[in-house]
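Engineer: Protein sequence lines correspond, in order, to chains A and B. Positions 1 to 434 (my numbering) are the ones given, in order, by the first sequence. Positions 1001 to 1373 (my numbering) are the ones given, in order, by the second sequence.
What the hints contain is simulated information worked out from the structure, not anything from laboratory work. For glycine and all other residues, C-beta sits at the position ideal for the given N, C-alpha and C. It cannot be assumed that every hint is accurate.
Claimed, not checked - Computed list of lysine-lysine pairs in DSS-like fashion (alpha-carbon distance at most 30 Å, straight line):
no.	chain 1	residue 1	chain 2	residue 2
1	A	Lys179	A	Lys28
2	A	Lys414	A	Lys244
3	A	Lys244	B	Lys1185
4	B	Lys1185	B	Lys1254
5	A	Lys376	A	Lys344
6	A	Lys414	B	Lys1185
What the hints assert, rightly or not - So, partial list: chain A residues that the calculated Cβ filter (under 7 Å) puts toward chain B:
no.	residue
7	Val41
8	Leu64
9	Leu77
10	Pro249
11	Leu288
12	Asn293
13	Thr295
14	Ile302
15	Val304
16	Gly324
17	Ile325
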Amino acid sequence: MVSLLNAARPPVFCPGCSHERITQTLDKTFHAMNLDGNRIVMVSDIGCSGLFDTFFNTHALHGLHGRALTYAAGLKLARPELTVVVTMGDGGQGIGGAHLLAACRRNLDMTLLVLNNFNFGMTGGQYSATTPPDAEVGSGFLNRLERPLDVCSVARAAGAAYVVRCSTYRSDIADVIRKAVEFKGFSVVDIWGICPGRFSKRNRLTTKGIEEMLSRLTPFEGEVAENQRRKFGTHYRELAAAQKPVPPPPAVIAQFDPVSAERQEVILLGSAGQRIITAGEMLCLAGLHAGLNATQKNDYDITVLRGPSISEMILSPQAIDYTGISQPSVVIALGPEGVARRKKMFAGLDETCTVIQAVGVDIPACRARIHRVDLKGQGFKGTDWALASLGVLAQLGLVMRPQMLEAAIAARLKGDSQAGALEVVRKVKPGESI
Amino acid sequence: MALSLMEGNEAIARGAVAAGCRFFAGYPITPATTILNHMLAMLPPLGGVCIQGEDEIASIGFCLGASMAGMKVMTATSGPGISLYSEQISFAIGGEIPIVIVDIQRLGPSTGSATRGADGDVQFLQWGNSGGMPVIVLAPADVEDCFKLTVQAFNLAELYRCPVFIASNKEIAMTRVSVDPDRLKAETVIDRAAPEPGREFLPFQTNSGEQVPAFLPIGGGTLVRQTSSTHGPDGYLTTDPAEITRQLARMQAKITNAEDRLAIVEHDSVGAADTLVVTYGVTSRAALAAARGLRASGTPVSLLVLKTLWPVPETAIRQAALSARRVLVVEMNRGQYVREVERILPGKTVQFCGQMDGRLIAPDTIREAVLHG
Chain A
1 MVSLLNAARP PVFCPGCSHE RITQTLDKTF HAMNLDGNRI VMVSDIGCSG LFDTFFNTHA
61 LHGLHGRALT YAAGLKLARP ELTVVVTMGD GGQGIGGAHL LAACRRNLDM TLLVLNNFNF
121 GMTGGQYSAT TPPDAEVGSG FLNRLERPLD VCSVARAAGA AYVVRCSTYR SDIADVIRKA
181 VEFKGFSVVD IWGICPGRFS KRNRLTTKGI EEMLSRLTPF EGEVAENQRR KFGTHYRELA
241 AAQKPVPPPP AVIAQFDPVS AERQEVILLG SAGQRIITAG EMLCLAGLHA GLNATQKNDY
301 DITVLRGPSI SEMILSPQAI DYTGISQPSV VIALGPEGVA RRKKMFAGLD ETCTVIQAVG
361 VDIPACRARI HRVDLKGQGF KGTDWALASL GVLAQLGLVM RPQMLEAAIA ARLKGDSQAG
421 ALEVVRKVKP GESI
Chain B
1001 MALSLMEGNE AIARGAVAAG CRFFAGYPIT PATTILNHML AMLPPLGGVC IQGEDEIASI
1061 GFCLGASMAG MKVMTATSGP GISLYSEQIS FAIGGEIPIV IVDIQRLGPS TGSATRGADG
1121 DVQFLQWGNS GGMPVIVLAP ADVEDCFKLT VQAFNLAELY RCPVFIASNK EIAMTRVSVD
1181 PDRLKAETVI DRAAPEPGRE FLPFQTNSGE QVPAFLPIGG GTLVRQTSST HGPDGYLTTD
1241 PAEITRQLAR MQAKITNAED RLAIVEHDSV GAADTLVVTY GVTSRAALAA ARGLRASGTP
1301 VSLLVLKTLW PVPETAIRQA ALSARRVLVV EMNRGQYVRE VERILPGKTV QFCGQMDGRL
1361 IAPDTIREAV LHG
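Bound-form chain A, shown alone (with noise of 0.2 Å):
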């Protein structure tokens, strides 16, 4: 098997850059491997450890600074019999730590190199997250401030399942990343090493040097005992074979004659959790049911079990084209919050109108007809007004009928809540007039 490096592209690297025996060292591991350039993708992203892709005759992705991890994963979720090396530096790994925790928790099987120099080789020997506070570097005193990062601990800490840390001149680095390409699973190898054209220009940095800092630190050596585990993707193909496919959307057959021919505009002005944008639902389908379109238009809060809500529902034998409402034919008051969210609106509201108003729930005067119905009094839990509500408007003929709201009824729930659901709407006494 010949050598994957690419004839036509040597490495250009400053003499003396440790990335150049990593390139050298690569090679010898996917020789080592009996790997084809086919089966291999390198992935790279932005400074000195960008430029691996190009010196191999594999498949090559070089993307932006850091995330090079994002398009390795995606590369394996796609294919996953895909040999997936990934180098970055100690740049990359900086500005693309969110992406580096994410990949040791996930686990996908992908081998991390971080190139660790210690700077920004290519931008002028600025401080990175691993350079040490007492090293001369080209962001003035910045680093003095910050702590240097062990990349190690915390890919053990966000759960990578192997983990090297190691000097370049390692004698049996070859073997060290063969290793780690071959594990089943992610892993992380931290590789030390000498940026010649700036780190060690204004910092004694030696071999030897690298191998006394490394001996001060936690070695890494492998495979982490206690994040061992099944690789993401054979796991996600487990759990994704088991999800059962989706239905076409059901679809509504006609049964009923509408209550009119004309648009008509409800809407429900309540509190969250008072299942208002269900009850929304519920009515469009009603609608659904005597061959009406139908839109709902819901408007609430991030918060979710508090605040308003509110739906508002147009149902119309001709298309619906604007889905806002201007002059509705019902309103339903079921909490302070909704009204007080619409609150300008019941100065507009004219004769041809019907409030329906819970017992309990205030409303600013308007020249609405004003129906009252005291839920609270009839035994009914806030998480039912709303569908209460409804079997009101059927029962007094307004938007729908009976027969519709138990139809959606049907349609919408199964089993008990179906059961309960069409008890509560039958139980309602449709309350009075005012």
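Starting from the known structure of chain A, arrange chain B on it as the hints suggest.
Structural biologist: Same frame as chain A, but now just chain B:
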């Protein structure tokens, strides 16, 4: 006829699956989240992949990787997420990576209002890439459009090897409407073209007279290179100004030269109309209601609804504006697309009617602008 109740986001997800999308990655954000929910329900049982990224940058990054591996991919977000996508969008343009990017616009600027609609990103989508290259942006007006334009977006992404945006709006995305499910069918599904057999493959090489390079996936038998750096046909770095110009001119021309082919518009013309209303997105529905009312009360008005926003359908706009004395551009922002209409209609009276306060523009507002603007 049977009807289903469906929101725009579900229609986008169903359209994507019908177009052959089998990879989706996204990060939760209102009002785009329900696309992620629907894709998560639909893709895994089909053997596809749906992933929630650690952030928006990762989500679109996963998609770019999977697209280069040959899959049809989509991601969805809202304005704050588009901001984070920006660098990756530039990569998709420069690397000619097919991807559909859905922007469910919400009220900005910044995090703005998560549950309020707007069309405030329409210039941002075009110009939010470094290098200022043209993109394709489609704007649905309703749920049926959400399905059909998503299918179209995939076809265009595959045909032109580029990102294609769906510029939707909370008001379409999360408003449920009745639709005839039989109308939600993908009529044509296009796949990216492979090179002719027997020819040497270079990842960014085009045949003479063509502007879109053939595609081979990373991971196949033939080696493929992809790069975010300035490159020649071989996908390696180049500093040759002539080569750079050739590549960028081609990349620009493949979109701008296709303007007429890409233009999707609906022109509702009334012969005697003094005013042409130009609009897009959910606002076009209010404009339709306004136009109907105006016509009934004796004021003829013409309507041009743009479903392709970028590249600007200049020919269609010029054609529609020919007989109008004035053009009224109605949009749910503080004046964005009106700039394009002004640019291509010099000498014509172009007026703007806009609103960006979390509410839909009402038909009455448009009616007033037509009558008294």
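Engineer: Measuring from the C-beta of Leu288/A to each C-beta in chain B, is the shortest one below 7 Å?
Structural biologist: At 5 Å from the nearest chain B Cβ, Leu288/A passes the 7 Å test, so the hint holds.
Engineer: Taking only the CA atoms, is the gap from Lys1185/B to Lys1254/B under or equal to 30 Å?
Structural biologist: holds, 28 Å
Engineer: When the nearest CB of chain B is found for Thr295/A, is that gap smaller than 7 Å?
Structural biologist: holds, 5 Å
Engineer: Given Ile302/A was flagged as interface, is its beta-carbon under 7 Å from a beta-carbon of chain B?
Structural biologist: holds, 5 Å
Engineer: Quickly compare the C-alpha distance for Lys376/A and Lys344/A to 30 Å and report which way the hint goes.
Structural biologist: Answer holds: Lys376/A to Lys344/A is near 26 Å, not above 30 Å.
Engineer: Do the alpha carbons of Lys414/A and Lys244/A lie within 30 Å of each other, as the hint requires?
Structural biologist: Judged against 30 Å, a Cα distance of about 18 Å means the pair holds.
Engineer: Hey, Lys414/A versus Lys1185/B, does the alpha-carbon distance stay inside 30 Å?
Structural biologist: holds, 29 Å
Engineer: Grab the minimum C-beta distance from Asn293/A to chain B and call the hint holds if it beats 7 Å, violated otherwise.
Structural biologist: holds, 5 Å
Engineer: Going by Cβ atoms only, is Val304/A closer than 7 Å to chain B?
Structural biologist: With a minimum Cβ separation of about 11 Å from chain B (threshold 7 Å), the hint on Val304/A is violated.
Engineer: Hint validation: Ile325/A versus chain B, beta carbon distance must be below 7 Å. Holds or violated?
Structural biologist: violated, 10 Å
Engineer: Double-check Gly324/A for me: the hint is only fine if its C-beta lies closer than 7 Å to a C-beta in chain B.
Structural biologist: holds, 4 Å
Engineer: For a C-alpha distance cap of 30 Å, please report whether Lys244/A and Lys1185/B respect it.
Structural biologist: Holds: Lys244/A and Lys1185/B sit about 22 Å apart, inside 30 Å.
Of the numbered hints listed earlier, those contradicted by the structure are 15 and 17.
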